[in-house]
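Protein sequences, first through last, are from chains L and X.
Those letters in the first sequence? Residues 1 to 204, per full-length UniProt numbering, in order.
Those letters in the second sequence? Residues 1 to 204, per full-length UniProt numbering, in order.
For the record, the hints were derived by calculation from the structure and aren't laboratory data.
Computed from a predicted structure; not experimentally measured.
Quick reminder that beta carbons are idealized off the backbone N, C-alpha and C, glycines included.
Do not rely on the hints blindly, as some may be mistaken.
[What the hints assert, rightly or not] Covered stretches of chain L (in silico footprint by chain X; criterion: 3 or more residues with CB under 8 Å from a CB of chain X, positions within the stretch not fixed): (1) 117–126; (2) 169–175; (3) 180–194.
[What the hints assert, rightly or not] Below, simulated DMTMM-like cross-link-like pairs (lysine to aspartate or glutamate); rule was C-alpha separation at most 25 Å, straight line: (4) L:136 / X:80; (5) X:186 / L:153; (6) L:186 / X:153; (7) X:136 / L:180; (8) L:136 / L:59; (9) X:186 / X:29; (10) X:186 / X:80; (11) X:186 / L:134; (12) L:136 / X:176; (13) X:186 / L:21; (14) L:136 / L:21; (15) L:186 / X:152; (16) X:186 / L:152.
2 protein chains.
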Amino acid sequence: MATPHEPKQDRSRATRQRLLEATIDCLAEHGWAAATVSVVAERAGVSRGAAQHHFPTREDLITQAVEYMFDTRMDQVKAEAMALGQVDQGAARTLAVVTALVESYSSQLFKAALQVWTHAAADEALRSRIVPLEAKVGRVAHRVAVEALGVDDSDPVAHHLVQATLDLARGLGLADVLTDDSARRKEIAEQWAATLHVALTTPR
Amino acid sequence: MATPHEPKQDRSRATRQRLLEATIDCLAEHGWAAATVSVVAERAGVSRGAAQHHFPTREDLITQAVEYMFDTRMDQVKAEAMALGQVDQGAARTLAVVTALVESYSSQLFKAALQVWTHAAADEALRSRIVPLEAKVGRVAHRVAVEALGVDDSDPVAHHLVQATLDLARGLGLADVLTDDSARRKEIAEQWAATLHVALTTPR
């Protein structure tokens with residue numbers, strides 16, 4: 001919570017961030033219909049008026065929440081991958097990167113984003129806001145994965161296998177929505193990492 | 001539409017099937033909220049009373065629609081795969097099976113099922129009906145894929161790579177919900193089929 005000595009601008013930034021995080025939690029736990037500005041504001045401990053000052057419409061709140069949390073998550077994956085690159089090499093690095101990517105897509109953020117994507121399928125106004133965000137998410141996730149794996153993206157085999165790894169991660173995320181799929185997911189990620197590593201390092 | 005000479009039982013079966021198909025179309029095109037018994041009945045050209053005779057609740061209609069369409073689809077994939085096994089062998093067969101599986105998950109049925117799965121995440125009553133259906137879907141799709149690829153499922157590498165192929169297909173299906181992803185999907189399926197074929201045929 002804000003303290004009396006906190007500068008006004010910092011308080012405003014903290015309020016905004018609490019709203020964005022509460023939006024993700026509401027979407028992931030209670031679904032699209034429940035994630036209204038009022039419910040999110042209450043969860044964040046912010047008045048409805050203050051919430052609407054930051055986010056005039058529900059669509060503003062929801063799309064900005066997904067984008068903010070995605071950016072935060074990708075910064076984490078990038079930092080983890082850079083730290084990793086200095087320690088592990090070879091198959092161990094590939095496994096660590098595949099595991100980090102796969103776990104990203106089984107997060108609360110993925111569950112929230114799934115609610116938004118699915119709702120956008122039948123809501124033209126929301127869809128027109130989500131399509132550019134989806135394109136950005138795809139681009140950034142691909143770049144982070146390429147850097148983390150240390151592969152040459154101009155090689156079409158490497159390019160397509162990195163894409164496939166992200167599609168696999170998305171599919172595994174979907175399999176975790178209704179039940180805890182973590183044990184099976186771990187086995188799949190291990191096998192995928194081993195197969196991917198051989199494919200990426202086979203001379204062409 | 002039913003003709004006066006059609007036996008009553010056949011008419012009833014045809015009505016039921018029209019309702020199940022209309023449910024999938026409503027879900028895929030207009031989303032969860034729009035797929036009510038009334039809307040589906042109207043789309044199927046069936047009275048609301050007749051629809052409720054077949055499916056007392058909306059959950060009955062929706063879960064049975066997803067199960068029926070999944071069974072139908074898997075029968076098709078199985079028949080295609082059996083025909084395939086007599087023509088193609090080796091890498092061409094692997095590519096054909098991967099393509100058929102991937103395209104299954106980008107169908108109208110997948111888009112409908114995604115609406116149901118996503119809604120079930122925040123609806124305990126629906127979730128308790130969908131979780132056993134999800135388990136069945138996973139089991140049957142795995143068995144069909146194993147038979148179609150002609151691999152030994154008791155080999156853990158083959159088992160996990162077949163699972164990964166289905167997870168990849170699910171992820172690619174999700175990428176097709178808001179935009180037409182068919183061109184990218186084709187490239188990913190081709191690369192994965194090549195990598196999978198090498199991995200499955202490398203002596204262990």
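Practice task
Can you take a look at whether the segment 180–194 of chain L is actually covered by chain X? Rule is 3+ residues, C-beta closer than 8 Å.
Solution key: Since 6 is at least three, the answer is holds.
Practice task
Starting from residue 186 of chain X, check that the Cα of residue 152 of chain L is at most 25 Å away, please.
Solution key: holds, 21 Å
Handout entry: Outcome, coverage hint (the segment 117–126 of chain L, chain X; C-beta under 8 Å; three residues)
Key = Check passed, 7 qualifying residues.
Practice task
Verify the proposed pairing of residue 136 of chain L with residue 176 of chain X, using a straight-line Cα cut of 25 Å.
Solution key: holds, 15 Å
Exercise for the section: For the pair we were handed, residue 136 of chain X and residue 180 of chain L, check the Cα-Cα distance against 25 Å. Expected result: Distance of about 16 Å is within 25 Å: holds.
Handout entry: Agreement of residue 186 of chain L and residue 152 of chain X with the hint, judged by alpha carbon distance not exceeding 25 Å
Key = holds, 21 Å
Problem - Pair hint outcome, residue 136 of chain L versus residue 80 of chain X [Cα-Cα no greater than 25 Å] - result: Given that 25 Å is the threshold and the Cα spacing comes to 37 Å, the pair is violated.
Handout entry: Hint consistency between residue 186 of chain X and residue 153 of chain L [alpha-carbon to alpha-carbon, up to 25 Å]
Key = Status holds; Cα separation ~18 Å.
Exercise for the section: Given that the segment 169–175 of chain L was listed as covered by chain X, double-check it with a C-beta distance under 8 Å for 3 or more residues. Expected result: Result for this restraint: holds, n = 7.
Handout entry: Straight-line alpha-carbon gap residue 186 of chain X to residue 134 of chain L, limit 25 Å
Key = It holds: about 19 Å lies between the C-alpha atoms, which stays within 25 Å.
Handout entry: Distance restraint between residue 136 of chain L and residue 21 of chain L, which requires alpha-carbon spacing of 25 Å or less
Key = With a Cα-Cα distance of about 20 Å, the restraint between residue 136 of chain L and residue 21 of chain L holds, given a limit of 25 Å.
Practice task
Sort out whether residue 59 of chain L lies within 25 Å of residue 136 of chain L, counting only the CA atoms.
Solution key: The hint holds at about 18 Å.
Checked against the numbered hints above, the structure violates hints 4 and 13; every other hint is satisfied.
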